[in-house]
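Q: As given, the protein sequences belong to chains A and B, one line each in that order. Reading the first sequence from the start, the letters are residues 43 to 370 in our numbering. Reading the second sequence from the start, the letters are residues 43 to 370 in our numbering.
It should be emphasised that the hints constitute simulated quantities derived from the structure, not laboratory data. Note that the Cβ used here is the ideal one computed from N, Cα and C, for glycine as well. Among the clues, some could well be false.
[Claimed, not checked] Under 8 Å between C-beta atoms, here's a sample of chain A residues computed to sit facing chain B:
id, residue
1, Lys148
2, Pro191
3, Ile197
4, Lys326
5, Thr329
So the chains spell out like this:
There are 2 protein chains.
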Amino acid sequence: MVNYFKNKNILITGGLGFLGSSLAHKLNEYNAHVTVIDNLNPLYGGNIFNVETIMDNITIIINDIRNTDVLIPLIESADIIYHLAAQVSYIDSLSIPYEDLDLNAKSTLNILECCRKYNSKAKILFPSSRMIYGKVDQGLVKESGPANPLSLYGIHKLASEKYLMMYYNNFGIPSTILRLTNPYGPRQQIKHNKYSLIGWFIRQAMEGKTIQIFGEGTQLRDYIYIDDIVTAMLKCTEADDAIGETINIGSGKSTRFCDMVKAVIDCVKNGNIEFVPWPDNYEKVETGDIAVDVSKLKNITSWQPAISLGEGVKRTFEYYKIYFNKYV
Amino acid sequence: MVNYFKNKNILITGGLGFLGSSLAHKLNEYNAHVTVIDNLNPLYGGNIFNVETIMDNITIIINDIRNTDVLIPLIESADIIYHLAAQVSYIDSLSIPYEDLDLNAKSTLNILECCRKYNSKAKILFPSSRMIYGKVDQGLVKESGPANPLSLYGIHKLASEKYLMMYYNNFGIPSTILRLTNPYGPRQQIKHNKYSLIGWFIRQAMEGKTIQIFGEGTQLRDYIYIDDIVTAMLKCTEADDAIGETINIGSGKSTRFCDMVKAVIDCVKNGNIEFVPWPDNYEKVETGDIAVDVSKLKNITSWQPAISLGEGVKRTFEYYKIYFNKYV
């Protein structure tokens, strides 16, 4: 893997966020030429501290990917594009519909149009979401399952997926869609509870607060630690068989929401749990249990998850114990 | 049906086009209060002549539905909204990606946002397209079949469908999605060949020209005459069982493309046929054979198609014989 990325030009949109900066660290280690673009929108997860230790080795552009003039030269010189810039709260998407459309669908169309015109060889990796599937009746969700998103966030991720496959089929622009489950780990924002709940709950526990669980908290989720995601994304990048494919990325192991909260409390050894009724705006977009089939990822890349939930929570807590003030 | 629509306030976006004006005529006959809004974009099918005989009975607003200030009062007072304004060429959608996004997806989101804020009781009828399905391997296409659109047009129609169902589930805004096959008949634009080929071919035959068929022209299509569509749409409007549903509207009978062309030549008794290779930009978005299952429409509404292809072509030709100069 090291050789594949060496001296490659990598563009990461949203590259100061949780996922983007974690990729940047690993790609820098592999001697790739990394450029990140991020608008540091305070609502989202962009944080300049996320790249502090590699700042001298990568190119950082603080700008908005909606500025096509800025985007074009970056795309022209890119071998690989990780298009991670996004509005990331599925709950918020209903209250900012046009911004969600802009950031989660139109931005992908814009990147593809730039690729079509200026660099149709750039390989695009796009993080989609389990939110594509909506409510799943039962069993493991395969990539071929129906797409019934319950939120604008999910609808716009679906539109982006369709764009990518259409530009691949029509113009040969190579791309891979990665449907992520519930990512967590160091460098994730912990300013609010709109997304990335493990980080938020670790913060609440560290502050001795009460963590609210909606309903009984028995819904199943697939939590995946950031290092496992980064490895999976990089393996998908170098796998030719991943081009034109849609691939679930999850740990493959489902955990009850309330058990995740207990793991946080047990690890931090502070804070309490309170059970409260579902708020209306959450309940309507709640997907119920989710368990994804990650056999396609394993077949294409020989990837295996390495970090258990307990271990991942521990590492995340250790990180925020040191850098808490950089994230609040 | 007459009673259901009597004195109802009806808003038709794109109401000067083929489908919109045909609905307006019938709804006016049923004593509904009809308002149409249309920007008369010269590329599309809006034509003021389409409503000449009912102009004194309906309200006509020449404006763009992207002007929310104009849209809000119209939505506030509407009982039923036929949201037909659109970019209608699936071929063109690839060369005007942002306009297609604006007109075929964002406009629907905008209408739904206006409904949510100002009138969540308005019933919305939305014409989607067989283009949602993409290439179909074989057999009759059911509404529950997979959505694999090959063009931006299809992707944006799909996004609109998902918006409508999401706003129905979240906010109770009642809507029905109607997936149309290949509509034709009087009042359709015959200025160019970007969509509505039967009308265009009738024009070419009338002018003694040579009609080009791409490839062998053996692909199956489901052509449906405008009167049958209008009846189906009105029946779906009054059927409570249609709310929240996606329904195919087609004749239920498939015809080879080349046989449609022969029917035109036989009717007009002029013009010739030439077989030419598929142009690249058409071939990539070509869906192949399509045959849709219309049993859901029949079950919900007791609708039956009344006009055969031969009869429909004859009526269309009769219309353009008289009004040719209003459409070229």
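Q: For each hint, tell me whether it holds in the structure or not.
A: Taking the hints in turn, this is what the structure says about them:
1. Proximity of lysine 148 of chain A to chain B holds as hinted, the smallest CB-CB distance being about 6 Å (cut-off 8 Å).
2. Taken as an interface hint, proline 191 of chain A checks out: its beta carbon lies about 6 Å from the nearest beta carbon of chain B, inside 8 Å.
3. Satisfaction of the interface hint for isoleucine 197 of chain A is found here, the shortest Cβ-Cβ separation to chain B being roughly 4 Å, below the 8 Å cut-off.
4. Of the supplied interface hints, the one on lysine 326 of chain A holds, with its beta-carbon coming within about 5 Å of a beta-carbon of chain B, less than 8 Å.
5. A hinted interface residue such as threonine 329 of chain A counts as satisfied when its beta carbon comes closer than 8 Å to some beta carbon of chain B; here the least separation is about 13 Å, so the hint is violated.
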